[in-house]
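Asks: Input sequences plus hints: build the corresponding full structure.
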Amino acid sequence: MQIEVLKSKIHRVAVTQADLNYIGSITIDEDLMDAAGLIENERVYIYNINNGERFDTYAIKGRRGSGVIGLNGAAARMAQIGDMVIIVSFAQMDFEQAKKFHPTVIFPQNNKLV
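The sequence shown runs 0 to 113 under numbering that gives the first Met the number 0.
Since the hints were made in silico from the structure, they are not lab data.
Treat each hint with caution, since some may be false.
Okay, derived cross-link-like pairs now, DSBU-like style, lysine-lysine, Cα gap no bigger than 35 Å in a straight line [unchecked claim]:
| hint | residue 1 | residue 2 |
| --- | --- | --- |
| 1 | 99 | 6 |
| 2 | 60 | 99 |
| 3 | 111 | 60 |
| 4 | 6 | 111 |
| 5 | 60 | 98 |
| 6 | 98 | 111 |
| 7 | 111 | 99 |
| 8 | 60 | 6 |
| 9 | 98 | 6 |
Replies: The structure is reproduced here in structure tokens:
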């Protein structure tokens, strides 16, 4: 049996930009992506702490060390600059493997690694 479990989580980062006219996705500082174990084009779920919105899109690399969290395209309507969000991804794995798996969870401060 395959189940879906939490793989990666970036906990409480602030949205720094929103670009409605961009093709789509969420731009994430490459340092944060590396630390959380996310790769470019990976499906991610975004949970907006300020307004309760929950949506999914795909991740693209932002400038390393910039702290950028940018919502692009339609996602730009789901949050305002300054809103706090949680970004997560999931993985499918065998039930027994999942029992032993530990997700990567990071807690940036001011959108930077500490």
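Asks: Does each hint hold? Answer for all of them.
Replies: The hints, checked one at a time:
1. For the given pair, residue 99 sits about 12 Å from residue 6 by alpha-carbon distance, which is consistent with the 35 Å threshold.
2. With a CA separation close to 29 Å, the supplied pair residue 60 and residue 99 stays within the 35 Å bound.
3. Distance hint between residue 111 and residue 60 is fulfilled; the C-alpha atoms sit about 15 Å from each other, no more than 35 Å.
4. The suggested pairing of residue 6 with residue 111 holds, with an alpha-carbon distance near 20 Å, which does not exceed 35 Å.
5. Distance hint between residue 60 and residue 98 is fulfilled; the C-alpha atoms sit about 31 Å from each other, no more than 35 Å.
6. A distance of roughly 31 Å separates the Cα atoms of residue 98 and residue 111; the hinted pair therefore holds under the 35 Å criterion.
7. At roughly 29 Å between alpha-carbon atoms, residue 111 and residue 99 fall within 35 Å of each other, so this suggested pair holds.
8. Note on residue 60 and residue 6: the hinted pairing holds, with a Cα-Cα distance of about 18 Å set against a maximum of 35 Å.
9. Taken as a hint, the residue 98 and residue 6 pair is honoured in the structure, with Cα atoms around 13 Å apart against an allowance of 35 Å.
When the structure is compared with the earlier hints, no violation turns up for any of them.
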